[in-house]
Structure formats: C-alpha cells, structure tokens
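There are 2 protein chains.
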Amino acid sequence: MSEKGLMISVSGPSGVGKGTIIEEIRRMFPECKHSISVTTRPPRGEEQDGVEYYFRTKDEFEKLVKEGEIIEYDMYVDNYYGTPATPLIEKSNRGDDVLLDITIAGSLALKRKFPQAVTIFILPPSFEKLEERLKGRGTESLELVQKRLEKAREEVLSAEKFDYVVVNDDLQTAVDNIVAIMKAEKCRYDRLSGIEKTL
Amino acid sequence: MSEKGLMISVSGPSGVGKGTIIEEIRRMFPECKHSISVTTRPPRGEEQDGVEYYFRTKDEFEKLVKEGEIIEYDMYVDNYYGTPATPLIEKSNRGDDVLLDITIAGSLALKRKFPQAVTIFILPPSFEKLEERLKGRGTESLELVQKRLEKAREEVLSAEKFDYVVVNDDLQTAVDNIVAIMKAEKCRYDRLSGIEKTL
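Protein chains in written order, with my numbering: chain A, 22 to 220; chain B, 22 to 220.
Derived by calculation from the structure, the hints in this document are not laboratory data.
One copy or any two copies: either way a pair holds, since identical chains are not told apart in the list.
Derived EDC-like pairs (lysine to aspartate or glutamate); straight-line CA-CA distance at most 20 Å: (1) Lys204 <-> Glu181; (2) Lys132 <-> Asp211; (3) Lys207 <-> Asp184; (4) Lys168 <-> Glu217; (5) Lys204 <-> Asp184; (6) Lys207 <-> Asp197; (7) Lys204 <-> Glu45; (8) Lys25 <-> Asp184; (9) Lys172 <-> Glu217; (10) Lys25 <-> Asp118; (11) Lys207 <-> Glu181; (12) Lys218 <-> Asp190; (13) Lys25 <-> Asp211; (14) Lys172 <-> Asp95; (15) Lys172 <-> Glu161; (16) Lys207 <-> Asp190; (17) Lys204 <-> Glu217; (18) Lys218 <-> Glu181; (19) Lys207 <-> Asp191; (20) Lys204 <-> Asp117.
As the structure is a computational prediction, the values presented were derived from the model and not from experiment.
Can you make the complete structure from the sequences, with help from the hints?
And the structure:
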C-alpha cells in the first residue's frame with residue numbers, strides 16, 4: 022500500500038471569496054502543491070516553463086486537447102489556458118496533495134476524469150451577502166454586479182454535482198471545514214485500502 | 022431543507038484505545054448524544070428508564086428484535102443488551118449528532134440499517150504496539166493477551182467494510198481525525214441536498 026496524494030478542487034461563483042480561502046489554505050499547508058496550467062501565451066520576464074506555466078504553442082496545445090491531456094481549458098485574450106492531467110497524476114502518485122483553484126466546469130471535468138478527486142463548492146451565505154461583497158469591491162458598475170449575481174444564481178445550481186459544499190459566511194470556519202475535508206478524505210477506507218494487512 | 026444529525030459509530034479491536042478516544046470526543050462535544058441501550062437486566066440504584074438504559078423484560082426485548090427495532094445485540098451474564106433504532110432516528114431527525122460506542126458487528130449492522138451512518142474503524146499502529154498496550158494493562162494473563170491479539174488479527178480484517186479508518190498511534194491525532202470526519206461529513210452535498218436553493 023502506497024498512499025496517494027489527494028486531488029482537491031475548490032470552485033464557486035464570482036465574489037464568493039474562493040481566492041482568499043485558497044490563499045489561507047496554502048498558507049497553512051505550504052506542502053500542498055499547485056496545479057500548473059498550460060498556456061499558449063508567451064512567457065513574460067523571468068517566467069520559466071514548468072514553474073509559472075507550461076508554455077506551449079497553439080498547435081501543441083490543440084494536440085494536447087485532442088490527446089485528452091487537458092482536463093479543461095478556457096480562452097482568454099486570444100490565448101488558451103488549460104489544466105494538464107499528467108502532472109496531477111504524477112504528483113498524486115508521489116503522495117503529494119494538489120489543490121486546484123479551478124472553474125466550476127473545471128471541477129466537474131476533473132471529477133469525470135479522476136473520480137477519486139475531491140470537489141468542493143463554495144457557497145455564499147445568501148445572495149444578499151454576495152451582492153454586498155460584489156458591491157463592496159467598488160471596482161465594478163452596478164450593472165456588472167447585477168450580471169455577476171444573475172450568473173451566480175445559475176452557477177450555484179451546479180453545487181449538487183460536487184462532493185462537498187462549504188458556506189463562506191466566516192472565512193476561518195470555511196477554511197476549517199476545507200481542512201477537515203482534507204483530513205477526513207485521507208482516512209477514507211477506499212484511500213487506505215489494505216492498510217489493515219500491513220500492521 | 023432541514024439538516025439531520027449524524028449517526029457516527031466508532032469500533033475497533035480490544036486494546037486499541039477506543040474508550041479513551043470516545044471519552045475525549047465527548048469531552049470536546051458535550052452536545053453529541055449517546056445511544057442509550059435496551060437491556061433486560063434490572064435497574065440498579067438510582068438508574069432510570071431512558072437515562073442509563075431502556076429497561077425491558079426478556080419477552081419485550083425479544084419482541085423488539087423480531088420487529089427489527091434492535092440494530093444489534095449481545096448477551097452478557099444472561100442479559101440482553103441491544104441498540105434500539107427509533108431513538109437514533111428521532112435524535113438524528115432533531116438535528117442531534119449521535120456517537121455510538123459499539124462493537125464491530127454493531128457498526129456493520131448500523132450501516133446496513135442506516136446507509137447514511139458514518140462508520141469509523143480504529144486500528145492499532147501495529148500488532149506489536151497492541152500487544153504492548155494489552156500487556157501494559159497488567160490485568161490479564163499472558164494467555165489471555167495472546168487470545169485477544171489473535172482475535173484482533175481477525176477483527177481488523179473487517180476494516181474494509183467501514184467508511185473510515187483511523188490509526189490510534191497518538192491519541193490527539195486520532196481524536197483530531199475523528200473530529201475532522203464529523204466536520205467533513207456535515208459538508209457532504211448528500212447531507213445538504215438542496216441547500217443551494219435556499220440562499
């Protein structure tokens with residue numbers, strides 16, 4: 022029996038505070054690995070292949086998609102950004118946990134490809150609070166806030182396809198719950214299969 | 022959506038430290054309910070029906086067994102001791118968590134009757150350590166210690182039928198893991214089904 026690392030994805034609607042939650046978990050678990058994306062945009066400054074991103078040409082990227090190597094991808098300012106499968110498998114096989122900051126569609130694609138992945142959906146405590154938070158940023162027009170809210174109302178309906186739901190009312194409670202999920206998942210018999218024969 | 026309480030069972034071989042672990046969890050979560058057993062032994066001293074035990078006659082007990090009300094039972098010094106189903110359902114429906122200190126067979130029966138129950142198996146870090154602990158009690162003959170060890174070797178093979186496995190190497194780590202399992206289970210989408218529609 023060799024213990025594999027967890028693949029954990031965290032997703033949620035815009036404004037739900039996912040970024041802050043993930044930052045806090047990474048602070049608490051610096052040994053938890055990132056998923057490095059593949060992109061077709063050229064490296065900037067000191068960026069190195071395999072560190073900030075895997076840098077590939079458009080042809081190479083499209084070939085990776087065809088081969089099923091890209092779990093999910095988006096296009097942004099005319100460049101592809103995708104999540105590659107092989108580094109995830111390698112990290113997990115080495116026993117490293119990987120925390121993925123990924124879109125809702127990305128989490129669902131991850132779970133389809135790796136049923137052993139753990140998917141977490143962050144919910145706002147209410148849409149009123151989500152609206153307050155979006156407005157509180159002060160960076161977006163009221164119209165854009167309303168658009169984001171509408172999108173969030175649709176997006177939360179995907180929660181039922183996730184393994185876990187964490188309500189982000191209080192940051193520390195939300196982080197505690199995700200840490201608990203990570204600890205608990207490591208105790209699932211399915212992940213420790215055969216441990217009783219190694220004593 | 023009304024949130025149901027968890028039914029959590031903790032089982033493991035003799036000498037594994039289950040009692041101490043459960044005591045510690047109860048200390049941390051005094052709101053966590055016990056499962057009150059049904060027994061055919063008469064009440065002693067100040068014991069009250071429905072507090073220490075539900076006191077029933079042998080006929081009544083056997084009727085409860087026939088009706089499927091007793092999840093599991095044992096006989097000890099000519100009296101039955103069993104775990105009744107209805108109080109568990111009632112507590113869970115009220116939103117109360119119930120922690121069951123129960124035999125391995127009892128956990129398996131609980132899971133069959135209530136698939137939503139969470140079953141945890143406590144493993145020793147090794148059989149050498151288990152032997153040390155059993156000898157350390159100093160209350161049992163070496164022959165009895167050997168018998169218990171042999172039984173434990175058989176019993177641990179049931180771990181695969183449990184949801185979670187917790188190794189009791191260090192008490193605090195084992196307790197932490199069980200607390201994490203309880204927190205995580207409360208975040209499972211299955212238990213919160215529909216929450217996204219109540220925001």
